[in-house]
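S.K.: What follows is each chain in one-letter form.
2 protein chains.
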Amino acid sequence: MTGTGTIADAPGVQLARGVCRAFAARGLSTLCEFTLKNGRRADVVALDGAGELAIVEVKSSLADYRSDGKWWEYLDYCDRFYFAVPADFPRDILPSDCGLMVTDAYHAEILRPAPLAKLNAARRRAMLLRFAQVAGQRLTRLTDPEALIS
Amino acid sequence: MTGTGTIADAPGVQLARGVCRAFAARGLSTLCEFTLKNGRRADVVALDGAGELAIVEVKSSLADYRSDGKWWEYLDYCDRFYFAVPADFPRDILPSDCGLMVTDAYHAEILRPAPLAKLNAARRRAMLLRFAQVAGQRLTRLTDPEALIS
Numbered sequence: 131m132t133g134t135g136t137i138a139d140a141p142g143v144q145l146a147r148g149v150c151r152a153f154a155a156r157g158l159s160t161l162c163e164f165t166l167k168n169g170r171r172a173d174v175v176a177l178d179g180a181g182e183l184a185i186v187e188v189k190s191s192l193a194d195y196r197s198d199g200k201w202w203e204y205l206d207y208c209d210r211f212y213f214a215v216p217a218d219f220p221r222d223i224l225p226s227d228c229g230l231m232v233t234d235a236y237h238a239e240i241l242r243p244a245p246l247a248k249l250n251a252a253r254r255r256a257m258l259l260r261f262a263q264v265a266g267q268r269l270t271r272l273t274d275p276e277a278l279i280s
Numbered sequence: 131m132t133g134t135g136t137i138a139d140a141p142g143v144q145l146a147r148g149v150c151r152a153f154a155a156r157g158l159s160t161l162c163e164f165t166l167k168n169g170r171r172a173d174v175v176a177l178d179g180a181g182e183l184a185i186v187e188v189k190s191s192l193a194d195y196r197s198d199g200k201w202w203e204y205l206d207y208c209d210r211f212y213f214a215v216p217a218d219f220p221r222d223i224l225p226s227d228c229g230l231m232v233t234d235a236y237h238a239e240i241l242r243p244a245p246l247a248k249l250n251a252a253r254r255r256a257m258l259l260r261f262a263q264v265a266g267q268r269l270t271r272l273t274d275p276e277a278l279i280s
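Protein sequences, first through last, are from chains B and X.
Each residue of the first sequence is one higher than the one before, starting from 131 at the first, in our numbering.
Each residue of the second sequence is one higher than the one before, starting from 131 at the first, in our numbering.
Since the hints were made in silico from the structure, they are not lab data.
Glycine included, every Cβ here is placed at the ideal spot set by N, Cα and C.
Result set (EDC-like, lysine to aspartate or glutamate): computed pairs, CA atoms no more than 20 angstroms apart in a straight line:
hint, chain 1, residue 1, chain 2, residue 2
1, B, K248, B, D209
2, X, K167, B, D178
3, B, K167, X, D178
4, X, K167, X, D206
5, X, K248, X, D209
6, X, K248, X, D178
Covered stretches of chain X, as calculated for chain B (at least 3 residues, CB under 8 angstroms):
hint, segment
7, 152-165
8, 172-181
Using the sequences provided together with the hints, build the complete structure.
M.R.: Next comes the structure, spelled out in structure tokens:
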């Protein structure tokens, strides 16, 4: 990134957008940069009409993947977990028991569906509530920013 | 409203904004124009950090109140129900067993707290899920409108 780049130019943000578009096309709602109760920040969380939750970890490069080994800390907060990587990523090194998406700034494709590991009811309720609150607050920040200035 | 007025100029929309600001100041997330499963459209739905849901019906005038008598159809979809009216509304005519807010375009005040009538778990879960989905979709429509064009 150059000195004039913005956060939206960052490769991870662009790739996450493609992931969100792929989910939106299937009718799911998505949030980016979603902080979990354990303090980890999920790149993308997607919610379907039945309340099922997917987390997607975007890795823009091998260096990006190697710099953060703690992806399993996301597993307790979703029903399905995916890695999403660009087309030139050496995807053979990714764990084969996770879902896999290939993504760019405009769309994404699921190469390997994530296995289902169902959340328990209490955790799902907590995640739904947090998703609803965060989405509502971000919406208010865009539509009536003065509402959040106290 | 004149011919050049927009939806955002409508008195009900302005008054709903004041209601949303009052909830935002207390840390609640809000959505306006939220369609319930029974087809009714709630003016404001507010969600707190414990998952409690309030519905607010905004009445800009006596004529507005009289033209829609079916407010009790909201009661099955919230833990607390409020009417919100402007300061010059004849509020003695409102049912005394509902919550009451006085609102303008900028803020609102609770004059009478709504009694708590707790939702059952299944209905609360359905409402949380719908709130999360609607908020997420509206956010996407604002941040990446192309995501929703298929």
